[in-house]
Amino acid sequence: MSEVTFREAFKAAIVEALNDDPRVFLMGEDVGHYGGCYAVSKGLIDQFGTQRIIDTPLSESGFVGAGIGAAMGGMLPIVEVMTVNFSLLALDQIINNAATLRHMSAGQIAVPLVIRMACGAGKQLAAQHSHSFEGFYAHVPGLKVLYPGTIADARYMLKMALADPNPVIIFEHVMLYNQSAELAENNDIAPMEKAVIRKTGSDLSIITWGGCLYKAVAAAEQLQEQGFSIEVVDLRCLRPLDRETIIDSVQRTHKALIVDESWKSVGMSAEISATIAEQAFWYLDAPIRRVCSIEVPFPYAGHLEQACIPQIEQIVAVALEMLTTAIPSEQVTL
Amino acid sequence: MGNDKIHLNRQHLHYLLKQMLRIRRFEERCVTLYSEEKIRGFLHLYNGEEAIAVGVMQALNQDDAVLATYREHGHALARGLSMTSIMAEMFGKQSGCSGGRGGSMHLFDDKLRFFGGNAIVAGALPLAVGLALADKMQQRQLVTCCIFGEGAVAEGEFHESLNLAKLWQLPILFICENNLYAMGTALEIEESNQKIHLKAASYGMTSQVINGMNVIDVEAAAKLACSAIRQGDGPHFIECRTYRFRGHSMFDTQLYRQNSEIEAWKLKGPIVQLTHWLTENKQLTNTELQAIEQDVDAEIEEAVQTADKASVEPVADIFKHLYAEAPHE
Ligand SMILES: Cc1ncc(C[n+]2csc(CCOP(=O)(O)OP(=O)(O)O)c2C)c(N)n1
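For the protein sequence lines, the chains are A and B, in the order given. When the letters of the first sequence are read in order and numbered with the working numbering, they come out as residues 1 to 334. When the letters of the second sequence are read in order and numbered with the working numbering, they come out as residues 335 to 663.
So here's chain A without its partners, still in its complex pose (with noise of 0.2 Å):
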């Protein structure tokens, strides 16, 4: 076992995509020469040349409805979306093109295409580079949507997505890519659609994903040394979303709280809630909790930012107050 970066492991899958099939380009904004926005491509274009590693213009909605196109004519492009703010300008041809085809033309329309986008807070960029907007995507039907959190997924989440005939975004949370963590070669993991319990426990399940799946784990552990027996449940994909192991978690520990790096309203984190009122209401113990972000857009200064996102500590404090009793003692709407 080795130590990796996310930004190694997210590179490392992409060379292996490009080395394993020949219908798998990379384009984007800045993949090419630049070397990536957040570096993840540096070097590539050398090893691979301009026809497999392509720098397009400042064309959001042209080159990701190109990269669908292509996915129609047989090919597997990844489509790097620079961060998530600016694939809104390409909403139309992700929501109105790549996820509605196949179904539209009754399975005639093929769209075996990946986008990857950089996504999150914590980098002090401010509102129009610093959000989470898998929630939007992961609403669409036809559309897959992956979140990788550990390092064993950005290494192999890539390839189980290029693998499925279907449109997969990926996100990769920028704060992630410095991370390092030890990755097991050929690792074996879940298929891209399951949820794993990251960590076991009987006292309460948290909920989360991506980017938050590290500050669970670790107020998990603190909650631990309190003696108290902290599940967590990393979704991995929000669509299509694992119910069953939300449920089952649940029926388990009879307590949930969601841990969401986007906004509280109207949210992931609603729809896992309401699956569990749904699902599983006789079995809590305990209200459903969410520790979501505040509903601003982010701030530059550093400590607003931090404000606004979801901490180690409101995650621990959140959780006691559920494990130690059964009411809310304070219950704030952000």
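Calculated directly from the structure, the hints in this document are not laboratory data. Fair warning: this is a prediction, and the values are worked out from it, not measured in the lab. Quick reminder that beta carbons are idealized off the backbone N, C-alpha and C, glycines included.
Residues from chain B that face chain A, not an exhaustive set, calculated with beta carbons under 10 Å: (1) HIS440; (2) PRO460; (3) LEU498.
Mind docking chain B with the ligand on chain A? Use the hints.
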């Protein structure tokens, strides 16, 4: 199909006339079927613009790709989709070319590489870029033909796509059907520069404007453009000047234009023009014309009857085709 040169013989001209008549009569039948509520939803008819679909398709080979708009019955018919499968689609039947999921605005046929039917104005342009990119990457000598209205020209995706197409020298034939109105918005109200072909030329690609009411002109221009594209000349752009005789959709009361304008354009229509020219030059007898019309009417009748009798997809199959199950090879 697929020859560079056009053969202006009698047989070919009759063929072109018949193709245009198939579209015209089909559309007229759709109007009655719509009022009978056999067809629902938005219905955009192609009356007046038949010369473009028919002319352009003469330049394309079987494995070239075609992308069109929500006004695509004519393109689909000219491309070779069976009238029955199109009609069944509009009736919402299982045997429709999109399994009843697409309707009038979303006709598809992967075997004919007919990739829609797209109800988002300019939505197909980036897809065309991608399909052509895939052809280029896989060294296939194919053309991707992308057809859209002049309304699409105001969208950002038009400019993004033309830029990419020229930048990457992609084998795309852009066909702009300039019928002078985007729904009810006249060209002058919409475009700073109404010479649309010049916008394409500004991206450095070969671009021209032609009379979209003359099927021969369209065929000739499309064939020349396709042969240049196949030789590696990159994208070509053809602006076809045309006019739609009916409203934008079945709900259009046409407050934005005068009846006299419509009537004047009807005199320049592609079918009257060709018919007139052929009869004037003793290339078409009344009997021949009637035979063509009878053929067309029979085909339509057959399509309507079959579509009417066809079964609907069971609701239990609603999730079918949302995701592909099997991994692709
Ligand atoms: C992105 C988008 N905006 C608006 C519409 C509504 N709409 C449908 S057709 C149309 C006019 C398009 O005109 P044009 O491109 O000239 O094509 P034509 O209908 O004349 O063939 C509009 C505004 C749409 N379908 N998509």
